[in-house]
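Chemist: For the record, the sequence lines run as chains E and Y. Just so we're aligned, residue 1 is where the first sequence starts under our numbering, counting upward by one. Just so we're aligned, residue 1 is where the second sequence starts under our numbering, counting upward by one.
There could be a bad hint or two in this list.
Taking lysine-lysine pairs in the PhoX-like style, the calculated list, with each CA pair at most 20 Å apart, reads [as the list claims (entries may be wrong)]:
| id | chain 1 | residue 1 | chain 2 | residue 2 |
| --- | --- | --- | --- | --- |
| 1 | Y | K185 | E | K243 |
| 2 | Y | K252 | E | K185 |
| 3 | E | K185 | Y | K243 |
| 4 | E | K252 | Y | K185 |
Honestly, the hints are just simulated from the structure, not real lab data.
There are 2 protein chains.
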Amino acid sequence: MPEQFPADSVGLVTPKTLHFDQPLELDCGRVLPEYDLVYETYGELNADASNAILVTHALSGDHHAAGYHSPDDRKPGWWDASIGPGKPLDTNRFFIVCSNNLGGCRGSTGPVSHNPETGALYGADFPMVTVPDWVRSQARLADALGIGQWAAVVGGSLGGMQALQWAIDFPERTRHCVVIAAAPKLSAQNIAFNEVARQAILRDPEFHEGRYAEYGVTPERGLALARMLGHITYLSEDALRAKFGRELREGKINFNYDVEFEVESYLRYQAETFVRHFDANTYLLMTKALDYFDPAADHDDNLAAALEHVTASFLILSFTSDWRFPSSRSREIVRALQDGNKRVTYSEIVAPQGHDSFLMPIPVYRDLLQAYMNRVAQEANV
Amino acid sequence: MPEQFPADSVGLVTPKTLHFDQPLELDCGRVLPEYDLVYETYGELNADASNAILVTHALSGDHHAAGYHSPDDRKPGWWDASIGPGKPLDTNRFFIVCSNNLGGCRGSTGPVSHNPETGALYGADFPMVTVPDWVRSQARLADALGIGQWAAVVGGSLGGMQALQWAIDFPERTRHCVVIAAAPKLSAQNIAFNEVARQAILRDPEFHEGRYAEYGVTPERGLALARMLGHITYLSEDALRAKFGRELREGKINFNYDVEFEVESYLRYQAETFVRHFDANTYLLMTKALDYFDPAADHDDNLAAALEHVTASFLILSFTSDWRFPSSRSREIVRALQDGNKRVTYSEIVAPQGHDSFLMPIPVYRDLLQAYMNRVAQEANV
Numbered sequence: 001m002p003e004q005f006p007a008d009s010v011g012l013v014t015p016k017t018l019h020f021d022q023p024l025e026l027d028c029g030r031v032l033p034e035y036d037l038v039y040e041t042y043g044e045l046n047a048d049a050s051n052a053i054l055v056t057h058a059l060s061g062d063h064h065a066a067g068y069h070s071p072d073d074r075k076p077g078w079w080d081a082s083i084g085p086g087k088p089l090d091t092n093r094f095f096i097v098c099s100n101n102l103g104g105c106r107g108s109t110g111p112v113s114h115n116p117e118t119g120a121l122y123g124a125d126f127p128m129v130t131v132p133d134w135v136r137s138q139a140r141l142a143d144a145l146g147i148g149q150w151a152a153v154v155g156g157s158l159g160g161m162q163a164l165q166w167a168i169d170f171p172e173r174t175r176h177c178v179v180i181a182a183a184p185k186l187s188a189q190n191i192a193f194n195e196v197a198r199q200a201i202l203r204d205p206e207f208h209e210g211r212y213a214e215y216g217v218t219p220e221r222g223l224a225l226a227r228m229l230g231h232i233t234y235l236s237e238d239a240l241r242a243k244f245g246r247e248l249r250e251g252k253i254n255f256n257y258d259v260e261f262e263v264e265s266y267l268r269y270q271a272e273t274f275v276r277h278f279d280a281n282t283y284l285l286m287t288k289a290l291d292y293f294d295p296a297a298d299h300d301d302n303l304a305a306a307l308e309h310v311t312a313s314f315l316i317l318s319f320t321s322d323w324r325f326p327s328s329r330s331r332e333i334v335r336a337l338q339d340g341n342k343r344v345t346y347s348e349i350v351a352p353q354g355h356d357s358f359l360m361p362i363p364v365y366r367d368l369l370q371a372y373m374n375r376v377a378q379e380a381n382v
Numbered sequence: 001m002p003e004q005f006p007a008d009s010v011g012l013v014t015p016k017t018l019h020f021d022q023p024l025e026l027d028c029g030r031v032l033p034e035y036d037l038v039y040e041t042y043g044e045l046n047a048d049a050s051n052a053i054l055v056t057h058a059l060s061g062d063h064h065a066a067g068y069h070s071p072d073d074r075k076p077g078w079w080d081a082s083i084g085p086g087k088p089l090d091t092n093r094f095f096i097v098c099s100n101n102l103g104g105c106r107g108s109t110g111p112v113s114h115n116p117e118t119g120a121l122y123g124a125d126f127p128m129v130t131v132p133d134w135v136r137s138q139a140r141l142a143d144a145l146g147i148g149q150w151a152a153v154v155g156g157s158l159g160g161m162q163a164l165q166w167a168i169d170f171p172e173r174t175r176h177c178v179v180i181a182a183a184p185k186l187s188a189q190n191i192a193f194n195e196v197a198r199q200a201i202l203r204d205p206e207f208h209e210g211r212y213a214e215y216g217v218t219p220e221r222g223l224a225l226a227r228m229l230g231h232i233t234y235l236s237e238d239a240l241r242a243k244f245g246r247e248l249r250e251g252k253i254n255f256n257y258d259v260e261f262e263v264e265s266y267l268r269y270q271a272e273t274f275v276r277h278f279d280a281n282t283y284l285l286m287t288k289a290l291d292y293f294d295p296a297a298d299h300d301d302n303l304a305a306a307l308e309h310v311t312a313s314f315l316i317l318s319f320t321s322d323w324r325f326p327s328s329r330s331r332e333i334v335r336a337l338q339d340g341n342k343r344v345t346y347s348e349i350v351a352p353q354g355h356d357s358f359l360m361p362i363p364v365y366r367d368l369l370q371a372y373m374n375r376v377a378q379e380a381n382v
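Same shape as in the complex, but just chain E (with noise of 0.2 Å):
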C-alpha cells in the first residue's frame, strides 16, 4: 500500500464484475434477461463464510465504499469513514461486499449498458428496478461469493431501505440488519421533492424521451437541478448556516444573478461536479425505487405485519437533524419491530450535519457503529 494512503484505509482497491445468466424477473413485470453486477470487497472471507458484510448504496453512491482506485485518487470510498482496519466495519475481521446497484451508472447492468436482445444502449428503455429487485439480484451475488447467510446488511438512506428488504426477503440470510438516517416509506413531501428533480430532468429538451446518447447530448441542466435541490434537503438548515451563512461571495451584493452568497456557489459546484459522471436516467430509476418502497403496503400499512417473518437483530440509527428521513420516520420501524417482539436497538445521534451525518466520521455514531459491529463480528467469532 503506499504511503499515502492512511494506516486505517483498504487502500487501493479493485472493482470486480460477475455475470448473471439467469434471466432475473423485475417487479415492474419485465425480465432482465443476463444482467452484469460490479462490485468491491474488503477484508477476507473467512472458511465458514461467517463474517461477510452487505453494504448496500444510496441514491447517488455505488459499489466504490472504501479506499482508493488509483494513488492520485484524492478522495476514498463514499463509505471510507467507517470501513476500514480497525473502523466499525473492520476489514481486520468482516469480509465486506458492496454492489452497484442494476439500473446504476457505474458498471452494473443499467441505462448506460447495452441491451443483448437489441445491441443498443437500454438508455430509458432500461426496466424500472425496485428495491426488492435490488435485494433479489444481491441474493445471487450472495450466492456467487458463497455466503449463504450475511452477518449483516448495512446501509443508510435509501441503502438501508435494501437492508431492511433484506431481512424481510430473506430472513434466513440475513443475521443482522443495521438501518441507518431511513425510512420505512417516503413521505408526500419526500415524493414531492423526488419528483421536482424527475420533472428537471425529463422537460430538459436535451433529455429526448431519455434517448440523449443517441444524440449525443445530456440533459445536464436537468440533472444539474436535481442534484442542487438533492443537495439542500441532505443538509440541515443549521449546517448550511454554519458552513455559508450569508456570507457573500465579493463582501457586497453586485445585483445579478452571477453567485452572489456562497451558499449559491456551493450548489452549483456540487452540481457541476455531479453531472460530468452521473446518468440521467440513473438518476430517474432511484428516485422512483424510493418512491416506491414500502413494504407494508401489501400487508394493509401495517408495517408490524410486514416484518413478521423477519429474524435479523437490527440496529437503528438516525440522526437529529435529518429532515429528509427524520428520527420519527426510524422510530416508525422500530415500533413496528417491537410490536412484533424482535431484537432491535436504536439511537438517536445529536449531529447537525443532516441527513448526510450517515456518510460522516462522527465520533458517537462511530462508537455505536462500532460496538454494534463488535457483537455481530463475536457472534461470528471473528
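Using the hints provided, position chain Y relative to the given structure of chain E.
Modeler: Chain Y only, in chain E's frame:
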C-alpha cells in the same frame, strides 16, 4: 353587488393605476425615470385620513387582495379571508390599499412593461428592486392618495418584510406594523431554495437571457419547476401528508414517469396554472429582493440597532408548521423589538398548513388579527 358574492365580500373591485413622473433612484444604483403603480382600494378613506391600511404582497401576489374583478371570477383576491366587511381588515372601518410591487407583472411597471427611454420591453433589463425600493414607491402612492400616516402596514411573508421596512424607513408614517410569517432575513437554506428556482429559469433554453418575449417564447419549463419547488416549501410536511399521503392516482403503480402519486398531480397542476399568468423575469426579481432583505446588515448585524428609530406598535404572528419561515425567525424580530423597548405583541399560532397559513381562514388567526385590528381602529377613531 351580484347575489353570488358572499355577504362579507368587498364584491366587485376595479384596479386603478397611478403614473409617477418623478424618477425613482433604486438601491442597485439605477434610476426608474417614470413608472406606474396599479393598486386596489377597499372601504372609504375618512376625512382625516386616519383609517388607511397598506397591505403588502408576497412573492407571487399582486394588488388584487380582495373581492372579484368579474361576477364570473371563480376565486376572490389573495387575502379575501382577511379583508371585507366584518373581517379583521374591516372595510366598514378601514380604507385598505394594496399595490402591485415594482418589477411585478400585473400592471405596475416591471419586466413586461416598456422602457420609456427605448420604447422596447424592459424584460431582463428591468433593474433589480429591493424591499426598501418598494417601500419608497409605496410612500409616493400614499402621498398621491393623501395618506400622511398609515394606521397600519400589514403583510405576510415577503409582504411582512415590506411592513417591517416601512416601520424602519418611515417611522412617522407607520402607526402599526403587522408582520406575519416573515423573517428579518433569509437563511442560507432559504437562499438555496431560491437559487435552485432561479437556476431552473436561467438555464431554461427558452430564457434567452431574459429576452424571451423578443423570441416569442416563455421559459415555461423553468418557471414551472420554480413554482413546484416553491409549493413544497409553502406547505408543511403534515399538510402534504393530510392532503395527499401516498395516494396513487390510479390505485396502483404503473412503473412510468406519468403522474402516479396524487402529490405529483397537484404539483404539476399548480405549475401549469402558474406559468400561464406569471412572468419569469418577475419571479427572478422577487426572489432576489427576498435574498437581499436584511435590514440589520448596515448595523453590524444588530437588528435592534436597525429598529432603533421605529415608533410603530407591532403585531408579529407566526405558525407552528411553517418551516420556510419558522417561528424562531419571527422571534428574532420580537426579541430585537423588545431589546429596544418597542411595543410588540407576538403570537405563535398552532396551525398545520405550513407557510401558506398566513393566507388561510384559520379561526384563531382570524381572531387574533381581528382583536389587534380593533385596537388599531379604536386608535384611529373608526
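Chemist: Evaluate each hint against the coordinates.
Modeler: Now the hints, each set against the structure:
no.: 1; hint: K185/Y with K243/E; result: holds (17 Å)
no.: 2; hint: K252/Y with K185/E; result: holds (16 Å)
no.: 3; hint: K185/E with K243/Y; result: holds (17 Å)
no.: 4; hint: K252/E with K185/Y; result: holds (16 Å)
Violated hints for the displayed structure: none, as all numbered hints are satisfied.
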